[in-house]
Every structure is written in C-alpha cells, then in structure tokens.
Amino acid sequence: MPAFARNQWYVAAYGHEVGRELIARTVLGEPIAFYRTEDAAAEVVALADRCVHRRFPLSQSRLDGDTVVCGYHGFTYDRTGTCVFVPGQKRIPRTARVTSYPVVEQDSFVWVWIGDPALADPAAVPRAPHLSDPAWVSVSGMEPIDCDYGLLVDNLLDLSHETYLHGGYIGTPEVAETPITTEVDEGAGIVRVSRHMDDAACPPFYARSTGIEGRITRWQDIEYHAPCLYLLHSRVAPVGVLPNPDGTDPHAFHTEITYAITPSAPGKVYDFWAVSRDFAKDDPEVTTFLRDFNHKVVMQDVDALNILQKALDTEPEGYQELSINIDTGGLAARRILARLAEAGAKPAEQVS
Amino acid sequence: MPAFARNQWYVAAYGHEVGRELIARTVLGEPIAFYRTEDAAAEVVALADRCVHRRFPLSQSRLDGDTVVCGYHGFTYDRTGTCVFVPGQKRIPRTARVTSYPVVEQDSFVWVWIGDPALADPAAVPRAPHLSDPAWVSVSGMEPIDCDYGLLVDNLLDLSHETYLHGGYIGTPEVAETPITTEVDEGAGIVRVSRHMDDAACPPFYARSTGIEGRITRWQDIEYHAPCLYLLHSRVAPVGVLPNPDGTDPHAFHTEITYAITPSAPGKVYDFWAVSRDFAKDDPEVTTFLRDFNHKVVMQDVDALNILQKALDTEPEGYQELSINIDTGGLAARRILARLAEAGAKPAEQVS
Amino acid sequence: MPAFARNQWYVAAYGHEVGRELIARTVLGEPIAFYRTEDAAAEVVALADRCVHRRFPLSQSRLDGDTVVCGYHGFTYDRTGTCVFVPGQKRIPRTARVTSYPVVEQDSFVWVWIGDPALADPAAVPRAPHLSDPAWVSVSGMEPIDCDYGLLVDNLLDLSHETYLHGGYIGTPEVAETPITTEVDEGAGIVRVSRHMDDAACPPFYARSTGIEGRITRWQDIEYHAPCLYLLHSRVAPVGVLPNPDGTDPHAFHTEITYAITPSAPGKVYDFWAVSRDFAKDDPEVTTFLRDFNHKVVMQDVDALNILQKALDTEPEGYQELSINIDTGGLAARRILARLAEAGAKPAEQVS
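Chains as they are written, first to last, in UniProt numbering: chain A, 1 to 352; chain B, 1 to 352; chain C, 1 to 352.
Don't read these hints as lab results, they were simulated from the structure. Note that the coordinates shown come from a computational prediction; the quantities given were computed from them, not determined experimentally. Take the hints with a grain of salt, since some may be wrong.
Copies of one chain are not kept apart here, so a pair can be met inside one copy or by any two copies together.
[Unchecked claim] Think about it this way: if two alpha-carbon atoms lie no more than 25 Å apart in a straight line, the pair counts; the simulated SDA-like pairs of lysine to any residue are:
1. Lys310 <-> Ile23
2. Lys90 <-> Gly167
3. Lys296 <-> Glu143
4. Lys90 <-> Glu321
5. Lys90 <-> Leu331
6. Lys281 <-> Asp249
7. Lys90 <-> Gly267
8. Lys310 <-> Leu63
9. Lys310 <-> Pro266
10. Lys296 <-> Asp221
11. Lys90 <-> Leu322
12. Lys310 <-> Thr99
13. Lys310 <-> Arg55
14. Lys268 <-> Ala311
15. Lys310 <-> Ser100
16. Lys310 <-> Glu21
17. Lys281 <-> Cys202
18. Lys268 <-> Asn306
19. Lys296 <-> Arg55
20. Lys310 <-> Thr26
21. Lys90 <-> Asp199
22. Lys90 <-> Ser194
23. Lys90 <-> Asp198
24. Lys90 <-> Thr181
25. Lys268 <-> Glu17
26. Lys90 <-> Thr80
Make the full structure from the sequences, and use the hints.
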C-alpha cells in the first residue's frame, strides 16, 4: 500500500463542520484540532491536537474568544499556536507553542497542509467548484473507513465494481463489460479513466433522479488529482442523445461525483463524498433520494473495504495480486502516490 | 503449545452447514469458502477464500450455478478454482486460479486437507460412523473458542476436570478419584485413556437420559486420533451390571461422545461436539435434554478455556506447568502433535 | 513513564471487598487471588492466581474451608499456598505450591507486598489512620483506569488541574493562580506540595458540605508517600479564619482526601479514593453528597486519563513534555519512583 505523501493538501472537514466547538481529525497520522475564529473573517484554525505540557488533546478543550484553553491544566494558545497563558506563574516558556497548520477553505472543503509549511501554496489546492456553485445542487457526507487509503483509491479508479458491489443501485452489466481508456499525466499527478457506454441499462440511481425510462447513453469520466481529490464527471441521456457539435449538451443529465480521500492513519481513511447535479434542482425529493441512495452506495463500499482490510491483515507478507486492464488507472495512481510520498519524505530544501 | 500439523484431515463443518450459500471457515490459518454444487452429486467444494485480483473474500460472493462470482469485481471461478470470467476483457490470465482443497464428506462431517494435496488420502480420514448410523441418535453443535487448540486437546484427554468444572452436570467425585490407564500408539497417532468406575454416583446427564436411579458402573474409554478426532466411548449401567462374556451388553446404556478439534488460527479453535446414544432413540424429550444439557457442558469448557487462554497470554515466556498421572494422555497427545507438525512442515517429497 | 517499584507495599483492595468469595486483582503485573479465612482471625490470604497444574486462575475457584479448590481439575491449596490435594493419586508433588504474598490489613486497606518477601516489613506500611478512626467519617471507592500509573501520580501532584478539569466541582480560578511550595524528602520517598489560598471562591464541594457562604481561606497540603499512598490534607474556613496559635483549629473544616495508586499492569492502574471529614459527621445527606460528588470528580479524572493515555499511545517515541513550576512535585515524584524501581529491580541481597 502506498505511503503517505506529506507535502500535499488534504481535505480535513467540510466547512460547515467547523465552528465554535473544537473538532478533532487525524490527517496522515497527525492529530489536529480545528475551530473557527469569532471575528468577521470566521477563519478556520488548525492546531496540533496535543498540549505542549502533558500532551493532553486540545480538542478536549474549550475556546475563550479565539484562544484555546487546555481542558487539563489551562495552557492557553492563540490561533498561531503560541502559548499565551500558563497556570501558577507569569513567565511563559519560549518553547510553549503548538504547530499551526496552513488551511485553505474552498469549494465547501477545509483543506489542510501537513508537510513543510514553506511549500504550502494555496493556489495549488485542486478545485471542485460545483460544490459551491449555485448552478449545481449537492448532497454530501463523510464516512471513516478502517482501511488503508490505497484501497479506497483502488476502489474509485476501477468502477467495474459497480456491477457487482453496487448492482441494483448504480451498477449494470454494461459497466463491467465496457472497456476503459486511461490517460495519465505523471507531471501533474492526474489520472483520467473513461468509460463510455453507448447503450446501457439505466440503474435506479439515474432512473429515479432523472425520470428517464428505457436505456441510456452513459459516460463516466474520472479525473483523479492525486492524492486527495477524485472527480467523476457523469453524463446520462436517453440512448443515442449526444452533445451538440458546439459542446452544449442541453438534453443530457450531468452529475459530478466528488470524493476526497484523506489518509487518517495507517489503516484508516476519511471518505468524503458528494453528489452534485444540474437537473431537478428545485425538487427536494430528488435531493433526499440522492442523499439516502448514495449513502447506501457509499456504505456498500465502506463495508466491503472494512472486510477487505481485515482479510489483508491476515495475509502473509508479500501477498500477490493479479491485475488486468480495468486496473490500469489504479496502478497508475499507485505509481504517482509512491512518487509523491517519496518527494514528501525528503527534506524541504531538496523538494522545492 | 503444539504447532499445526498440516498434512492431515480436519473437520471444517457439518455437512448440513454447507449448501448453496457460501460459508467461510479458517483452518490452520487458511481462509476457505465452502459451498455445495447444484448437480445431483451435490458435492462440497472448498476454495481459497481470496480472489486472485485484490484478495477480496470469495465467501462474500454469490454462486452462479456452480461458479463463484466475486462480490467486488466479478472474477468468476469454477469448482476447481479456475477463473472463467474477468470483467472488461475476453482474455483470462493463465495464473487466475485459486486453490481448491481436497474434501471428503463422511460421518456427517466435511473434512478438508490443508497440506500437500498429493498426500491427501480419502481412506485415511478417521471414522465416526455412529454419527450417521441409524442405530444411533445424535445431537451436535460447534463452538469457536479463543484458545490454542492444544488447550482443548488437554481438556478432553483429562476428564478429571468433569468433577470440578462440570460438577452437577456430568462430573461426580469418582471421576477425579479413579486412576486412569493410558495406551499410546505412536505410529498410528492414537492415544487411549480409560477410566472404569465400578461404583459411582450417577450424574444428571445420565440419570435424566437413562432413567437409572441409584449408583452406576461407569466406563469412559477415550480414543483420540490425533490431530482432529476425539471419541469417548461411554458406558453406564446399574452398579454391577457388566457386559456378557460374548461381548453383548444389552443392559447398559452406550453413548458416543465425539469431538472434532480443528485449529482455526493461532489462539483459535473450532470445537465440534456430538452426543450419540443407543437408547431412548424414539424419545424426543431425551434428544432435547441431551442437546441442551450438553451444550451447557460445552459452554462451561468454552468459558474456562477462554479464561485460561487470557491468563496464559499474560504469563511470561517459558511459564511452568506441573503434570501428574492424570496428564499422561494429554502429554502423549502433545508429543504426537509435535511430531505430526514437524512432519507436515517438511517439503512434500520428504514426507511421502 | 516510571517502571514498577517491586519491594514496596501496595493497596490491593479495601478490607470490606475481601470475604469468602475469591476476588482477583493484578498488582505490578502479578495476578493475585484474595480471600478471608473462616476462623475467628478472618485473615486475608493472597495467593498467586495461577494453579501450578495448567495455570488456571485460582480466582475462578471455590473455597473449601480455608483451602482453595481449583475450578478446573481440583488441585487444592492451603493458605500458605501449599498444595494439599491433587486428583487421581495420593502423592502430591513437592513442587506443587503457589506463591503466598505478605499481606497487612490496616486503615481499611489490604496492603500486599510483591517483591522479596524477606524485605516485607509490616511496620513500613504507610498510615492513613483517619480511614478507620471514628473521629472521621469516610466515603470511598475504586476505579480502574487504562493508563500508566505515572499519569495518575502526575494528576494528583499537580492540583492546578482542578480549575480546568474539575471547574464547577472542586476547582476555582485561585487554585491555578496560586503558586505552590514543594518539599522533597528523598530518603523517605515523600513529596509535599502545598498551596495556601488566603481568599478564594468556595467550590460546590465545600459550599454544600460545610455550609460556608462567601469566600474562603483554603489550604491544600499534599503528602505523597511514594509509590502508593497519597494524602491531601484539606482545610477550608471562612476567609481570614486561621488556626489558633496553639495549633487548635475549631472554626475550620478539615477533609482528608486519600488516594492509593496501585499499578496493575503496564498501562493499567487502580485508583482507590476516599474522602474523610471531621464535620457534619452525623449528617447522612453530607455523606451521600460527598460520595456522589467526589465520584463524579474521580470520573472526570478517569475519563481524562483514559483519553490522555490513548493520545500518548499514538505519539512517536521520545515525545516532548514542557514542565513549569506547577510540575515541581510531580517531577520529584518521578525521580523517587525511578529510584525505587531501580532498587526493587536489584537482587534482594543488594537491596537490603
């Protein structure tokens, strides 16, 4: 399984999860406490979740204005992580400070940077603009999974599993049968996997949300920005309906399926998921249906990956896998992740 | 504790447990999926419980006829373990195959062979014919125990524990007081432990099933076929009633107590148990009583062995035991198991 | 975290917990079964909780008079740990004996000695006489915590945490604000930490038990007898009320807060706690209030220490702490504990 790529942006939370109560997330093995400042900017602050005094988790603390007061002995930190109060004495040790992590809030996500802060470029945060664009309506959630994050990358880059694991939900025989095309941009760390089905059964996910009766033309275009952001551009239309020559596509239904894949610790991953649509935007029944139905689909993956990780944990070292054409995208992703991890493991001066 | 003896037959299930739904058992650390073919032969198939593609457990799959369709990406295997379908392409890699284990179904048990298949001799499966002989009526069950299988072998070869752990059920003072005789057939791997009580109290197990009032002559003749099969030939009769000189024994009550001791993994064992009787065969109350009562007795062992294993897990390496006469059979069993494990650990060509 | 100091007395139980049913406690990693003899002396017996035969826990046994009958095969031990019966034979092996630990019952506690019995001096058991003195009324309890015992020592020697962890119960701002004085008697292994607040808010713990309205003079005088016994001499009075020049102190309220800190195993500690008062002795409502209220306070510590240990378990080796003035007592305690552990690790002849 791939190591962690440190010098990268990762989604730690949805923006709406972070407020005036501290929340704890562990990203790449680093425990972090998040909160939002009370000023007008309402910025998200990310501090190392361990008091310098006795390592008590700051996420168990309370906020006093924009400072964090440790719940054990009262060591108090400002938003930069600098300690501004200790009990029983006036002098504050100069080394009393916790790490403050670079944060970017964008496209409904809170992104955090784990590696060398000098390398943290906000402009490098990958985009999922549909998540906060009024032209789309989104439903979303997050599930922690007790598996290596590589298993979730594998899962999402090989959609042939929809036919078997998600049959009756989003899978039909055509998904497994239709060959894929794969493009890899090694430099940008992007893997694209496309599967265009000209004439396929319409699974309940789309039949009930779009109202299409009968067979469909179904396109799945994956765009994986390693390590964290996964976009699935999904297009369905009545069979034979194609985009216009000018690129407009008024008779198709478009869905953006977004995942953020955030390694929490070895054998643990946060699975952020969202479904955004450009149709039936005012129909709350479709919203409710897609939220509940996609949650079921996600839980099918969660259950399967929990089972798979347990199985792998009992396998002898160096167990074999057998890869075929459908795995082309996943194998490319593993190569990129290994390269990013290696780069992130180097001292900063060598990386930049 | 003894290592695993690989080149041996082990009970993996009762025949009635295996049907058209895959079931999972782990034997000697190897995960195996079992099912029964749909043809007239209705044979039991045992396949390695890991898909060659990404190691997903095949026991989470569904059957399509006599093939197994992996529940993750649809890799499909026939009963020999050969892959006959993969998604997205026509060509099936030649190495796409999972292990198919030799199986023998006999005496109500499904036996599986873990070691070198070239050495798997169906004629070597030890017999417990009373389990499927209409001259006997049997009740049975299986309990997994979180203990080394050696602890269950110890337990069953030293029945003095009946007096203390199973007092008020099957134990009376005479069991612990009466010396045993032990015979060991090292070559055949059989240990025999006998305890003949001429005049003993009748425990509830026999009082309520046979109707005997008053004291009994009680014989316990153990026959342990290492590593898996344990038979306890039990004979009770009103005190002083002995078999006829010609060997017939019409005035006694005979019970065959069968155990199959199958190591699942280090620290885990399957405890298959059965009680077969040659009396009151048409009395359903006796059947129900023996099933419920013996289940309670088995659970007393299960609880004690779970406790014992937890205690041993906290003992320092090389902890001491103190053995006395009652342990003669158990110590002989350990020697045989160690020898069988050593033999099974050698390459096949040296073993045969 | 400090190692275990073996040649020391530890509290294993309250006297009222030990009777004619065996109870199990693990002290310094050693499993011990306790019971009380049925003769007039009703002495507490402490035997190693492992039968010599197959290591079954004797705490799962039953008493027969003052002997312990192993619940598995009936090996029977007298109060000295000598085996007096084995099943199936008359001869008892000479080596059939379990360790009998020195025990002292004093001040409501059962103290046990784990190290070299030749060094066990009953006169060296530290005293908490208020626990059985009719001049005081006590409430008490015990909570196991899943943390290293050093975390509980840290907790109790630095009461500034009362302000934050126990705010609204026993903590007020003055506890954290008021500097401490620390005295260390290295030879006797005693750490004293004092905090005298001249003018402090009265927390609910004292307001509701003493009836004081308004601010108080509050003295906290800790006396920690490493490794096990912790005494907090607490004095509260209306603000400005001091003891008389002759040492009498009739207008103050005295509370003795006792803890026994007994390492059970690595990462596990028994937290024995008691609150003894010299006021409102005949008022059962105060008794009930202090029992319930202090239990809540103890559980705040238990929850925090469980959380803290889990956090530390994920920290990399050699994680840093930052100590300030409030930690003076705790750091002294760690030094003494390290010295006692080192002494206890040596062979007895070198220690004495």
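How the hints compare with the structure:
{"no.": "1", "hint": "Lys310 <-> Ile23", "result": "between (28 Å within a copy, 17 Å between copies)"}
{"no.": "2", "hint": "Lys90 <-> Gly167", "result": "between (65 Å within a copy, 21 Å between copies)"}
{"no.": "3", "hint": "Lys296 <-> Glu143", "result": "within (11 Å within a copy, 34 Å between copies)"}
{"no.": "4", "hint": "Lys90 <-> Glu321", "result": "between (61 Å within a copy, 19 Å between copies)"}
{"no.": "5", "hint": "Lys90 <-> Leu331", "result": "between (57 Å within a copy, 20 Å between copies)"}
{"no.": "6", "hint": "Lys281 <-> Asp249", "result": "within (17 Å within a copy, 77 Å between copies)"}
{"no.": "7", "hint": "Lys90 <-> Gly267", "result": "neither (44 Å within a copy, 34 Å between copies)"}
{"no.": "8", "hint": "Lys310 <-> Leu63", "result": "between (39 Å within a copy, 23 Å between copies)"}
{"no.": "9", "hint": "Lys310 <-> Pro266", "result": "both (13 Å within a copy, 16 Å between copies)"}
{"no.": "10", "hint": "Lys296 <-> Asp221", "result": "within (22 Å within a copy, 57 Å between copies)"}
{"no.": "11", "hint": "Lys90 <-> Leu322", "result": "between (64 Å within a copy, 16 Å between copies)"}
{"no.": "12", "hint": "Lys310 <-> Thr99", "result": "between (34 Å within a copy, 20 Å between copies)"}
{"no.": "13", "hint": "Lys310 <-> Arg55", "result": "between (31 Å within a copy, 11 Å between copies)"}
{"no.": "14", "hint": "Lys268 <-> Ala311", "result": "both (15 Å within a copy, 16 Å between copies)"}
{"no.": "15", "hint": "Lys310 <-> Ser100", "result": "between (35 Å within a copy, 22 Å between copies)"}
{"no.": "16", "hint": "Lys310 <-> Glu21", "result": "between (34 Å within a copy, 21 Å between copies)"}
{"no.": "17", "hint": "Lys281 <-> Cys202", "result": "within (20 Å within a copy, 59 Å between copies)"}
{"no.": "18", "hint": "Lys268 <-> Asn306", "result": "both (10 Å within a copy, 21 Å between copies)"}
{"no.": "19", "hint": "Lys296 <-> Arg55", "result": "between (38 Å within a copy, 23 Å between copies)"}
{"no.": "20", "hint": "Lys310 <-> Thr26", "result": "both (21 Å within a copy, 13 Å between copies)"}
{"no.": "21", "hint": "Lys90 <-> Asp199", "result": "between (75 Å within a copy, 20 Å between copies)"}
{"no.": "22", "hint": "Lys90 <-> Ser194", "result": "between (63 Å within a copy, 19 Å between copies)"}
{"no.": "23", "hint": "Lys90 <-> Asp198", "result": "between (73 Å within a copy, 19 Å between copies)"}
{"no.": "24", "hint": "Lys90 <-> Thr181", "result": "between (66 Å within a copy, 16 Å between copies)"}
{"no.": "25", "hint": "Lys268 <-> Glu17", "result": "within (20 Å within a copy, 35 Å between copies)"}
{"no.": "26", "hint": "Lys90 <-> Thr80", "result": "within (20 Å within a copy, 59 Å between copies)"}
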